Amino acid sequence: MKKILLATLIAACAGHAMAADLLDTVKQRGTLKIAVEGTYPPFTFKDANQQLTGFDVEVAAEVAKRLKVKPEFTTGEWSGLLAGLQAGKFDVVVNQVGITDKRKETFDFSQPYTYSSAQLIVRKNESRVFKSLDDLKGKKVGVGQGSNYADMVKAVNGIEVKVYPSAPENLQDLATGRIDAALNDSLLIPFAIKQAKLPLKAGHPVGDITTMGIPFAKNNPKFKQAVDKALNDMKADGSFKKISAKWFGIDVSKAPTAAK
Amino acid sequence: MEWAGLIEAALPVMLKGALYTLMFAVVAMVLGLLLGFVVALLRVGKVPVLSQLVAFYVSAMRGTPLLVQIFVIYYGLPGIGIELEPVPAGVLALTLNVAAYLSESLRGGIAGVERGQWDAGLSLGLSWWQTMRYIVAPQALRLSVPSLSNSLISLIKDTSLVSVITVTELMLATKEVIAQTFQPLPLYLGAAALYWMMSASFERLQKRVERKLELAHQR
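Sequence order for the protein chains is A and B. Residue 600 is where the first sequence starts when you use the working numbering, and the numbers rise one by one after that. Residue 642 is where the second sequence starts when you use the working numbering, and the numbers rise one by one after that.
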């Protein structure tokens, strides 16, 4: 038993040391394994015909096309996506992953492909004005589990943080008055409010501009170069702008303005 | 009124998810019962080393959350070179978990059979295994059916946890529709109804098994 375990361990380590660049692995396989949440409209979600769609899905498919491989999508809960990437279950996660120092310790990122900012969402009839997170001290704020918005709110002392599995539950609770505000991606807001038909409105943008990138396993310089080139080419030939305009009406590869 | 249309649109997706849920539940039930029986026998038979080993296993499985076990098996094991696809990983986690509970129910059933039954069997010249097989086990099974069913019905609902390893079972299917419609209440209620229906049909099965095992005890 011990011998088998030892042999597996050695094999695993050796496999690691001799591993080819992710780009070679992907090309050889002929597919790019892409993980998305599938429950985060308008970035990754299923449409009325149960087709996986959204901004990130289109961007990821375009990147795969430019790597000359087929995209292979997997949907799963956000709480498992980065763990799965770390465990090598997929090649990339394309789901508005914020580029943070902490995540950079574990993954390498492509160049940023979306600029966005954190923005508050409040009830339509809200008369109080929350201009910054400091104004929300003593109030209840809803955020997504494991999101950078959760980290932002937790960093401010005195805010009662409510953590939700995903945006729909969060917005529902905001509409029913169980929380005072929700914090999410400014790009999500117009779509969510329109789609949710909930009495909500966009609040003030808070915090710095965040950049989103595509994370993948560390030490794959050829893969990084290829993905960055694909993104650059997409920006250069206008195909990125087209996808962006379709979903947001603006070019999100540039620094944002607040959502209305 | 709006709810009806919503449920109607969501139903095909949710039924497909429910099929996955049922598949997980049934496979884990069968494998779990087999494993649970072996574990119970090893403990009752006081097999040296193995009985301590399985006692440790039962304690670990009952003492840690299923969600953690799923994470360890799917996301943790690749760290030591063991790669499992989502479905086998989910089945493995559910089976290992439910088998621990089932083994304890079976052990309780076996302990509930009077000592005299053993003595009678052994005095007739039956071996330990024959006594277990022909005299004790049938009676133990009858005693353990209600608590076995408890674990198995829990298992149907526990399958919702495998949504964290990218399997679109009923729960994740429901969440995907909610993300598209932002209508949590009717859709979660719909999912609840489906889980309930699956559990209820299992309850009917339990009743039939109970009636069958009861036959020898009717007067």
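Simulated from the structure, these hints should not be mistaken for laboratory data. Hints may contain errors.
[Unchecked claim] In silico DMTMM-like pairs for lysine to aspartate or glutamate, Cα to Cα no more than 25 Å straight-line:
no., chain 1, residue 1, chain 2, residue 2
1, A, Lys723, B, Glu724
2, A, Lys626, B, Glu649
3, A, Lys626, B, Glu643
4, B, Lys798, A, Glu768
5, A, Lys817, B, Glu643
6, A, Lys796, B, Glu649
7, A, Lys796, B, Glu643
8, A, Lys669, B, Glu726
9, A, Lys730, A, Glu759
10, A, Lys800, B, Glu649
In this text the structure is predicted, and so the values were computed from the model without any measurement.
Given the hint that Lys817 of chain A pairs with Glu643 of chain B, test it: the Cα-Cα distance must not exceed 25 Å. 49 Å, violated
Taking only the CA atoms, is the gap from Lys800 of chain A to Glu649 of chain B under or equal to 25 Å? 29 Å, violated
Given the hint that Lys626 of chain A pairs with Glu649 of chain B, does the C-alpha gap stay at or below 25 Å? 42 Å, violated
Is Lys669 of chain A within 25 Å of Glu726 of chain B, Cα to Cα? 20 Å, holds
Mind checking the alpha carbons of Lys730 of chain A and Glu759 of chain A for me, to see if they're no more than 25 Å apart? Holds, because 17 Å separates the two Cα atoms, which is no more than 25 Å.
Given the hint that Lys798 of chain B pairs with Glu768 of chain A, does the C-alpha gap stay at or below 25 Å? Holds, because 21 Å separates the two Cα atoms, which is no more than 25 Å.
Given the hint that Lys796 of chain A pairs with Glu649 of chain B, test it: the Cα-Cα distance must not exceed 25 Å. Within the cut-off at roughly 19 Å; holds.
Quick one, are Lys723 of chain A and Glu724 of chain B close enough, alpha carbons at most 25 Å? Judged against 25 Å, a Cα distance of about 49 Å means the pair is violated.
Decide if the proposed pair is consistent with the structure: Lys626 of chain A and Glu643 of chain B, CA atoms, cutoff 25 Å inclusive. 48 Å, violated
Does Lys796 of chain A pair with Glu643 of chain B here, judged by a C-alpha cut-off of 25 Å? Status holds; Cα separation ~13 Å.
The structure fails to meet hints 1, 2, 3, 5 and 10 from the earlier list, while all remaining hints are met.
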